[in-house]
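Read off the chains here:
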Amino acid sequence: MMVEMKVDAQPGEITLGPVLFNWKPESWRDFYFRIADEAPVTAVYLGETVCSKRAVLFEPYYQTVAERLAAGGKTIVFSTLSEVVLKLDRNLVESVCATADHLVEANDGSALLALQGRPHHIGPFVNVYNERTLGFLAGKGARNFCLPPEVPATAIRALCAAAQGLGVSIEVQVFGRIPLALSARCYHARAHGRIKDSCQFVCDNDADGLQLRMLDGRPFLTVNGIQTMSHDYLNLAAELPELRAIGVSRFRLSPHTCDMIEVATIFRAALDGRLSSADATARLQALSLGAPFSNGFYYGKPGFTWTTAPTAAAP
Amino acid sequence: MTEEPGYRRPELVCPAGTPAGLRTAVDAGADAVYCGLQNETNARNFPGLNFTPAELEQSIAYAHARAAKVLLAVNTFPPAGRFALWREAIDLAARLGVDAMIVGDIGVADYAARTHPQLRLHLSVQAGASSPEAIRFYCQEFGIKRVVLPRILTVPEIADIHSQIPCEIEAFIFGNIGMMAEGRCSLTNYATGLSTNMDGVCSPAAHVHYEEDADRNLTIKLGPFTIDRFACGESAGYPTICKGRYLCGAKPAAYYAFEEPVSLNLSALLPDLMRAGVTALKIEGRQRSRAYVRAVVSAFRRAVDAIMEGRDPGLAGLLALTEGHRETEGAFGGKTWR
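Read top to bottom, the protein sequences are chains F and Y.
Here this note's numbering = 1-based position in the first sequence + 20.
Here this note's numbering = 1-based position in the second sequence + 3.
Everything labelled a hint here was simulated from the structure, so no lab data went into it.
Only a predicted model underlies this, so the values are computations on that prediction, with no experimental measurement involved.
Here a beta-carbon is modelled for each residue, glycine too, at the ideal position from N, C-alpha and C.
Careful, some of the hints might be misleading.
Said to hold, decoys possible - With a straight-line Cα cutoff of 27 Å, these simulated DSSO-like cross-link-like pairs (lysine-lysine) come out:
1. F:107 with Y:148
2. F:44 with Y:254
3. F:321 with Y:224
4. F:107 with F:44
5. F:107 with F:160
6. F:160 with Y:148
7. F:73 with Y:254
To be verified - Ranges of calculated distance between the beta carbons of each label pair, as one might list FRET restraints:
8. F:311 with Y:237: 27 to 37 Å
9. F:83 with Y:211: 45 to 55 Å
10. F:57 with Y:237: 50 to 60 Å
11. F:227 with Y:312: 57 to 67 Å
All chains, please: the whole structure from these sequences, using the hints.
Okay, here's the thing in structure tokens:
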């Protein structure tokens, strides 16, 4: 179904956030090969943001993946670790930030120190909630800000206004399980009676995370190593027109094992006004994600809730 | 020749949820108290807690007359469009002469540092600065004088950080221990629509529901989510998502997926912490009763004084005051906690 929509000068970009889960390295490589060849995304974020122990598993494939993505016309941005405590964590952040030939997205304060004074991105794990924080970090060289997922539309609007004055861009996650918390403790290891040091990488059992259910059996949260995520999938397809109108220019998809080419195609079409929000959500539902959609944070409501976008009705 | 103890006298930093609580803590021997205003500018924005501007002014006078310092927590993250409330808190603190502001947000820290350069700034645990590099970033940019370390570090890691940063270290030694990295948890907002970072609430009481069945088993919910269930007579701590019991495919039965409902008690580690370079010892609990504050502050006052005089600190009685009467040294005791 065609939807009439005002199209401004900036059509908006679909981006692919870093893989947050511990996929088999070969599957990880093949996933990015397909993204490089087929996905209508402009930028791809690469790198281990959850657990420094995992990073070494993917090292053999970074170069070939980066080359393939570049050949596919994608901009590559390397994302840094979100929770930085141990020497291994610090070394990983240092090594990612030390490479000068690509953009880096900072996800904690140690990366902010390393990246100051050169162009960089700010990731969703840095607390950018207000104009003053935005302005300060822009002054240090930040050029693009992917906001924390709990920032509501009212604040996104004000941040976009500030960003326009500073000549920086705003990015928001529009698809995928929502990162809700970080810890120093590995809950994946804990679920298997282990600790972080002796985890034996049990997180690779759960390519979309380990489901936590309530005592009544209903699903609630998703464990991904030290990270806790929502059970449901964020879906802001219906909010794309409003997000664009208030000044968001980059829309991030968080990778899952579902068909991410299809997800990217759906969001690209919805952003271009070639697909109604109802049809977009129907096609996303057809992916059989095994979990409901949510968009509560956007509306300043409990994050798990679903609100039908007021402007969602197709003409 | 007397042996050097290897540490200097630490500052005992105690919670003050109300003006009466502040006087209790000061009278019980606090070197410093920390408190917040009655709004979302601080991370304990609970009904019935915190200070009006007039109360803060009177309380500062009370504390200063007894040589105690007052630290004001303005440690939440203002959402865009609402920064004025946090700016007013900073301006008020500067005008009333608090001894330090505890800040977490980069924008708030920047405002405080530029507008009131004479004001001493402490970096809140809410900033989530858990590495020397992150701490140095805040010190370099905002002249931070003290960092409150997250409760996720071992004693050797604290000592290692101490040698690499240009500011003092404050560490939690007693009280409630959240499992998630502070300032980086949206679980409450996910379940209730109120944000820990923006609204200053964690598991707000108004959203906690207790349902009792015919057998008097108690089901505890936050918003619509079941967090735990207790048999009749079982003791239950304050319900938060990170201390609930859940099911998962890797476990045969319900388990505490994040942490058991335990309290932090580092009384046995005090000399080690002091040797590691911790110069301010923080007691959690602005929401706790005056009786609790009096007991805990008095006990740690005696303990710190005893340690400085080379005597046994004798803190055995503190267990009765911990949540669910169960305690942990958390990450501080060693990395097996992780």
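Hint check, failures only: none
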